[in-house]
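Asks: Chain by chain, the residues:
2 protein chains.
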Amino acid sequence: MKKILLASSLVLSTLGLQAQDSVMIRKIFDEALVNGQCYENLRYLCKNIGQRLSGSANAQKSVEWSKKLMDSYGFDKVYLQECMVPHWERGAKEQGFIIDGTNRIPVPIAALGMSVATPKDGLTANIIEVKSIKELATLGESVIKGKIVFFNGPWDQRFIETGQGYGTAGVQRFAGPAEAAKYGAVGAIVRSITPALDNYPHTGGTVYVDGVKKIPAAAISTLAANKLSSMLRLRKLPLIKFYFKQNCRQLPDAKSYNVIGEITGTEKPNKFITVGGHLDSWDLAEGAHDDGTGVMQSLEVLRVFKATGYRPKNSVRAVFFMNEENGGRGGDKYAELAVKNKEEHIAAIESDEGGFTPRGFSFDGIPASMLKDINKNWKKLLEPYEVDRLTAGGSGADIEPLKDAFKSAVLIGFRPDSQRYFDIHHTPNDVFENVNKRELELGAAAMASLVYLIDQHGFN
Amino acid sequence: MKKILLASSLVLSTLGLQAQDSVMIRKIFDEALVNGQCYENLRYLCKNIGQRLSGSANAQKSVEWSKKLMDSYGFDKVYLQECMVPHWERGAKEQGFIIDGTNRIPVPIAALGMSVATPKDGLTANIIEVKSIKELATLGESVIKGKIVFFNGPWDQRFIETGQGYGTAGVQRFAGPAEAAKYGAVGAIVRSITPALDNYPHTGGTVYVDGVKKIPAAAISTLAANKLSSMLRLRKLPLIKFYFKQNCRQLPDAKSYNVIGEITGTEKPNKFITVGGHLDSWDLAEGAHDDGTGVMQSLEVLRVFKATGYRPKNSVRAVFFMNEENGGRGGDKYAELAVKNKEEHIAAIESDEGGFTPRGFSFDGIPASMLKDINKNWKKLLEPYEVDRLTAGGSGADIEPLKDAFKSAVLIGFRPDSQRYFDIHHTPNDVFENVNKRELELGAAAMASLVYLIDQHGFN
Numbered sequence: 001m002k003k004i005l006l007a008s009s010l011v012l013s014t015l016g017l018q019a020q021d022s023v024m025i026r027k028i029f030d031e032a033l034v035n036g037q038c039y040e041n042l043r044y045l046c047k048n049i050g051q052r053l054s055g056s057a058n059a060q061k062s063v064e065w066s067k068k069l070m071d072s073y074g075f076d077k078v079y080l081q082e083c084m085v086p087h088w089e090r091g092a093k094e095q096g097f098i099i100d101g102t103n104r105i106p107v108p109i110a111a112l113g114m115s116v117a118t119p120k121d122g123l124t125a126n127i128i129e130v131k132s133i134k135e136l137a138t139l140g141e142s143v144i145k146g147k148i149v150f151f152n153g154p155w156d157q158r159f160i161e162t163g164q165g166y167g168t169a170g171v172q173r174f175a176g177p178a179e180a181a182k183y184g185a186v187g188a189i190v191r192s193i194t195p196a197l198d199n200y201p202h203t204g205g206t207v208y209v210d211g212v213k214k215i216p217a218a219a220i221s222t223l224a225a226n227k228l229s230s231m232l233r234l235r236k237l238p239l240i241k242f243y244f245k246q247n248c249r250q251l252p253d254a255k256s257y258n259v260i261g262e263i264t265g266t267e268k269p270n271k272f273i274t275v276g277g278h279l280d281s282w283d284l285a286e287g288a289h290d291d292g293t294g295v296m297q298s299l300e301v302l303r304v305f306k307a308t309g310y311r312p313k314n315s316v317r318a319v320f321f322m323n324e325e326n327g328g329r330g331g332d333k334y335a336e337l338a339v340k341n342k343e344e345h346i347a348a349i350e351s352d353e354g355g356f357t358p359r360g361f362s363f364d365g366i367p368a369s370m371l372k373d374i375n376k377n378w379k380k381l382l383e384p385y386e387v388d389r390l391t392a393g394g395s396g397a398d399i400e401p402l403k404d405a406f407k408s409a410v411l412i413g414f415r416p417d418s419q420r421y422f423d424i425h426h427t428p429n430d431v432f433e434n435v436n437k438r439e440l441e442l443g444a445a446a447m448a449s450l451v452y453l454i455d456q457h458g459f460n
Numbered sequence: 001m002k003k004i005l006l007a008s009s010l011v012l013s014t015l016g017l018q019a020q021d022s023v024m025i026r027k028i029f030d031e032a033l034v035n036g037q038c039y040e041n042l043r044y045l046c047k048n049i050g051q052r053l054s055g056s057a058n059a060q061k062s063v064e065w066s067k068k069l070m071d072s073y074g075f076d077k078v079y080l081q082e083c084m085v086p087h088w089e090r091g092a093k094e095q096g097f098i099i100d101g102t103n104r105i106p107v108p109i110a111a112l113g114m115s116v117a118t119p120k121d122g123l124t125a126n127i128i129e130v131k132s133i134k135e136l137a138t139l140g141e142s143v144i145k146g147k148i149v150f151f152n153g154p155w156d157q158r159f160i161e162t163g164q165g166y167g168t169a170g171v172q173r174f175a176g177p178a179e180a181a182k183y184g185a186v187g188a189i190v191r192s193i194t195p196a197l198d199n200y201p202h203t204g205g206t207v208y209v210d211g212v213k214k215i216p217a218a219a220i221s222t223l224a225a226n227k228l229s230s231m232l233r234l235r236k237l238p239l240i241k242f243y244f245k246q247n248c249r250q251l252p253d254a255k256s257y258n259v260i261g262e263i264t265g266t267e268k269p270n271k272f273i274t275v276g277g278h279l280d281s282w283d284l285a286e287g288a289h290d291d292g293t294g295v296m297q298s299l300e301v302l303r304v305f306k307a308t309g310y311r312p313k314n315s316v317r318a319v320f321f322m323n324e325e326n327g328g329r330g331g332d333k334y335a336e337l338a339v340k341n342k343e344e345h346i347a348a349i350e351s352d353e354g355g356f357t358p359r360g361f362s363f364d365g366i367p368a369s370m371l372k373d374i375n376k377n378w379k380k381l382l383e384p385y386e387v388d389r390l391t392a393g394g395s396g397a398d399i400e401p402l403k404d405a406f407k408s409a410v411l412i413g414f415r416p417d418s419q420r421y422f423d424i425h426h427t428p429n430d431v432f433e434n435v436n437k438r439e440l441e442l443g444a445a446a447m448a449s450l451v452y453l454i455d456q457h458g459f460n
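Sequences listed follow chains A and B, in order. Each residue of the first sequence is one higher than the last, beginning at 1 in my numbering. Each residue of the second sequence is one higher than the last, beginning at 1 in my numbering.
If a hint is listed, it holds; no wrong ones were tucked in.
No copy is singled out in the list; a pair is fine if it fits within one copy or between any two copies.
Quick list of in silico lysine to aspartate or glutamate cross-link-like pairs, DMTMM-like style, CA-CA up to 20 Å:
(1) Lys27 <-> Glu161
(2) Lys372 <-> Glu386
(3) Lys255 <-> Asp332
(4) Lys372 <-> Asp388
(5) Lys376 <-> Asp388
(6) Lys372 <-> Glu383
Derived by calculation from the structure, the hints in this document are not laboratory data.
Full structure from sequences and hints, please.
Replies: Take a look at the structure:
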């Protein structure tokens with residue numbers, strides 16, 4: 001009889017907790033949807049500051065403004081965390097032409113991030129199309145040497161989540177130019193990594209390899225890539241040449257900062273739950289979805305806690321990471337100092353897939369049994385808000401360095417709807433106008449709800 | 001032993017079916033995402049035809065083009081279904097002013113659909129704000145008589161799905177003007193039914209009541225509504241007046257058509273699964289999300305079946321319904337003729353909530369046990385495509401008349417992400433550019449997958 005009583009009192013207390021959680025999550029969503037401030041904060045970041053590539057004056061401006069903004073909310077701690085960041089500049093706008101005999105056809109290109117410049121007067125060479133890095137090897141140095149390699153691997157539309165398409169097609173941008181250089185290529189033109197057919201070159205980082213010549217590399221719009229490809233199919237080499245000129249340069253590393261706000265835990269002040277995004281952006285637009293939305297949602301998590309009177313047991317930090325796009329130095333520094341300061345990190349959530357309607361979270365490398373428990377305990381609570389897709393998957397580049405430092409930390413990726421992200425990603429279209437207020441706010445509320453659940457219940 | 005064998009062979013055959021279903025659904029999504037045609041079909045409808053309000057020349061043009069388009073796909077049957085539709089015209093663009101002493105402040109308004117015109121020189125009267133229809137009754141005829149009633153009920157942002165916000169705030173548009181007339185109001189100005197703060201009046205139908213005077217009614221943009229409200233708060237009546245002029249008229253009913261394509265069932269040709277949207281639109285824009293996406297997705301279901309070589313057992317129809325927006329005559333006619341022709345309707349799916357990322361389907365009025373079975377049998381199959389939210393809920397205005405006619409027909413609403421729909425709904429922003437190709441195609445594939453499952457397995 002005693003056993004039965006115990007069991008039923010456990011059930012009751014579980015029900016009580018669930019009901020209490022359910023009330024708190026409803027409060028969080030109401031606050032974010034009715035009194036939300038992330039949308040107007042994002043407007044300021046996009047419209048009054050704009051692009052903020054690491055090392056730029058605008059990046060510094062964004063750091064200073066973010067610090068002030070956090071100060072205005074009266075969190076328990078607000079501070080900067082210094083880190084040195086790469087400082088790459090695009091310089092004057094690029095030029096690109098397909099040269100077909102005497103005909104010069106202008107095409108929209110943009111230097112890939114971290115690329116070297118072309119010679120001052122530009123670079124002209126025969127151009128050869130490949131669909132993959134693998135294809136380079138089959139062609140070999142005899143074919144590639146002295147040419148510009150045109151990486152035209154297609155986006156695979158069959159993936160349901162576009163992140164998978166990006167990962168697959170993206171290899172040619174990350175690694176293609178360095179691979180082409182190994183075979184003696186003099187330049188690389190890379191099809192923009194996007195499911196969309198449009199006239200925008202999508203920039204993004206490329207990675208050189210030590211000991212291999214750095215060749216200039218640019219993204220070309222998908223429509224121009226299709227045009228170039230069809231011209232190459234119709235005419236045989238060496239009739240089609242390509243010319244491009246880009247003016248980028250790598251400056252010495254610059255001093256910059258992560259911006260951090262904290263609500264200190266009432267019970268376990270040295271245990272941390274981090275929620276973050278990255279403050280830096282590429283230079284072509286306003287970095288609205290990438291990743292102004294992520295930082296402003298993270299800030300909103302803390303604001304919503306304060307507004308609803310929720311005092312977390314553990315310390316909760318909103319971190320605006322610096323330099324995700326071309327270096328990851330902010331993320332590295334955050335983990336390094338966490339170790340140095342003997343902090344204990346129990347979880348981190350990153351929002352860096354755009355501020356679209358939230359669908360759930362992915363949990364990085366946790367045991368299947370743990371993911372099952374998370375679903376069992378929390379899925380029902382998140383279902384009314386349609387953010388209950390709790391899956392295995394990646395987290396985020398800025399929080400990943402925590403993985404090595406804190407073996408038991410649970411790293412989590414915020415997962416919004418993915419369909420529109422890569423249409424605008426790293427292009428001039430990544431602007432405030434393409435962010436929907438409610439979508440952004442729902443995401444912030446979803447993040448706050450998960451932080452709340454972790455804070456209350458941990459993962460055990 | 002025999003019993004055990006039987007059980008395990010049942011399990012095997014179930015697994016076999018699931019595997020076969022899973023392969024077919026993958027094929028459907030691949031076809032829609034790689035070779036999809038709904039996006040380009042929608043482009044034509046929006047850009048080459050545009051708005052197509054019932055009874056208009058453009059509506060007729062859209063009927064003729066749709067019929068030709070369906071013919072080009074070589075379905076088993078393509079035909080028109082005649083129906084008489086209301087013919088309302090907006091006439092010249094409306095004018096609206098807040099009159100504050102000698103100051104005339106122009107505000108964006110648009111006549112509500114089916115509204116009567118103002119007198120030729122416009123209508124000027126004192127204006128009184130109410131937040132709900134209920135508030136009218138508390139004020140009574142002594143206060144309302146001779147005035148313009150300003151319905152300024154807010155959109156409730158707390159709803160997660162915006163359809164609920166629309167239903168709640170929308171009452172003042174559907175029923176408000178007729179209610180105000182009962183108390184002697186001379187006109188009605190209604191806050192646009194949208195969660196967005198912008199400068200667009202959102203049109204949409206209003207419903208007059210027999211025996212009550214028809215008063216002119218217009219939508220006002222949410223920003224202008226806020227301005228008017230704050231002016232009314234600051235100054236006491238009768239200082240603030242309102243002037244508006246609208247030029248709409250009701251013409252005699254016009255002949256129009258539903259457009260229908262059919263793949264005839266191989267086993268049960270007289271059993272029907274309908275998938276549809278509505279071809280007509282409001283007159284202010286291109287009717288892209290409302291409901292060009294719905295008709296083009298419905299057509300795509302049939303195209304995908306043909307392209308993948310799938311021959312349904314039951315007859316599957318894509319129906320482009322006419323006159324959803326201001327009459328529902330096409331839906332009525334479809335059900336009426338289905339009865340007359342002794343058809344048997346087993347299911348109908350309507351897409352009329354925009355062409356956004358699909359999240360699932362809602363099932364109208366089915367028993368809880370049936371919904372449970374649907375989830376048990378099909379949820380897992382739809383989960384990889386993130387369209388597995390299978391809930392109780394509404395279906396669609398065009399297929400609802402089937403409910404009375406066919407008691408066992410299952411009526412289903414296609415449920416895309418709802419966040420952006422009411423931002424552009426019934427405004428000049430409902431244009432092709434606001435439709436995302438992949439979102440649209442994923443929706444078409446989701447609809448085709450559900451039709452396939454119903455065709456294969458029914459609901460038992």
